[in-house]
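K.L.:
Sequence:
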Amino acid sequence: MGLFKGLRGKSSNKAPLGFSYTTISAVERLSSDTVKVVLDASFNFTPGQYINVAIPVNGKEERRSYSICSGSGEPLAIAIKEVDNGTVSKWFNREAKAEMQIAVSEPEGNFTKPAEAKNIVAIAAGSGITPIMSISKQIEKEGGTVRLYFGNRSEEDIIFRNEIDTLDKTSLVYFLSREEKEGFEHGRITKQVLIDEFKKDLSLLRADGFFLCGPEQMIVDACDALEMFGVAKDKIHFELFTTPVLLKPEESSETSDFKGTSSVTVVLDSEEETFDLESTKTLLDGALDEGIDAPYSCRGGVCSTCKAKVIEGSASMKINYSLTDQEVAEGFVLTCQAHPTSEKLIFNFDEA
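If you're matching positions, the sequence shown starts at 536 in this note's numbering and goes up one per residue.
No wet-lab data here; the hints were simulated from the structure.
It is possible that part of the hints are untrue.
In silico DSSO-like pairs for lysine-lysine, Cα to Cα no more than 30 angstroms straight-line [as the list claims (entries may be wrong)]:
#1 Lys653 - Lys768
#2 Lys879 - Lys844
#3 Lys768 - Lys734
#4 Lys735 - Lys676
#5 Lys816 - Lys879
#6 Lys704 - Lys768
#7 Lys734 - Lys794
#8 Lys816 - Lys794
#9 Lys704 - Lys726
#10 Lys632 - Lys549
#11 Lys549 - Lys571
#12 Lys653 - Lys726
#13 Lys704 - Lys571
#14 Lys676 - Lys571
#15 Lys770 - Lys816
#16 Lys768 - Lys853
Note that this is a predicted model, so its numbers are computed, not measured.
Work out the full structure, taking the sequences as your base and the hints as a guide.
P.N.:
Quick look at the structure:
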């Protein structure tokens with residue numbers, strides 16, 4: 536129990552558990568509301584993954600997940616778009632400078648290209664291009680091809696424009712929703728727009744994979760269009776930046792009559808702590824309430840930062856947007872969504 540006791544009231548100059556400090560090498564302005572932040576970090580990553588950052592803002596630690604935009608072999612970099620009322624995105628866009636230190640986690644995430652996928656179709660809008668950029672660079676190195684549909688409000692809002700245009704193996708269709716310009720399609724990327732695009736070239740439907748990242752409505756429309764053409768669901772990969780309201784989550788098929796208090800043991804960094812937890816509370820909330828510095832980021836079932844493995848007993852997730860069926864079958868849960876469904880429960884963050 537020493538680890539957890541020691542972490543309670545930890546010094547502000549110590550990185551949270553699961554994070555380490557790294558130096559910002561450069562901050563590059565990509566558009567009026569988006570910056571690229573290059574980090575002096577030597578993490579290995581798979582294109583399409585993200586990192587979590589922990590930033591102290593106004594005396595409170597804020598955690599966010601940001602996709603990596605680098606290609607393999609390039610310095611690790613993330614792109615951050617400033618959003619309305621976005622505490623951390625505002626800090627990165629207005630305050631972050633080279634030589635500053637920030638706490639970051641190791642790369643994680645499942646929005647990655649299967650090894651056998653050589654030719655893909657990518658559909659992105661706004662900052663959703665960030666992980667797509669990383670994946671496209673990987674495809675370029677492997678000699679594959681990318682068909683990219685990329686939506687933005689205006690030409691000025693297009694980030695990574697120069698880099699995208701230099702990718703020889705990527706064919707592009709740009710969409711602008713708020714201005715009409717020669718060389719650009721006008722409007723948003725909708726279901727009907729994609730149906731029309733695929734009808735122009737039905738060979739696109741034989742792609743090895745379809746990668747979608749952007750606003751939830753665009754992802755819903757893209758999935759509907761692809762499924763209408765009979766594209767297998769396991770070929771469709773998408774990444775969400777916010778907790779969705781339209782997409783139907785993967786819900787647990789398990790039912791449990793368990794109500795009351797569970798004796799819960801959490802394993803983290805080879806240490807254990809046991810506490811009582813009501814079935815109405817999530818495993819993550821219980822751990823945090825005990826002062827355990829458990830890993831988390833979105834708390835909405837979207838990222839997999841809080842993933843842990845159930846070793847004994849059972850737990851049921853309310854929603855799941857990120858774990859694969861295989862991971863669920865192996866006993867992994869998103870602790871921000873999992874509730875105890877047995878009198879005794881042991882879950883292990885170290886095995887995640």
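K.L.:
So, against the hints stated earlier in the document, which numbers end up violated here?
P.N.:
Numbers 7 and 15 - these are the hints that the structure violates, sorted from lowest upward.
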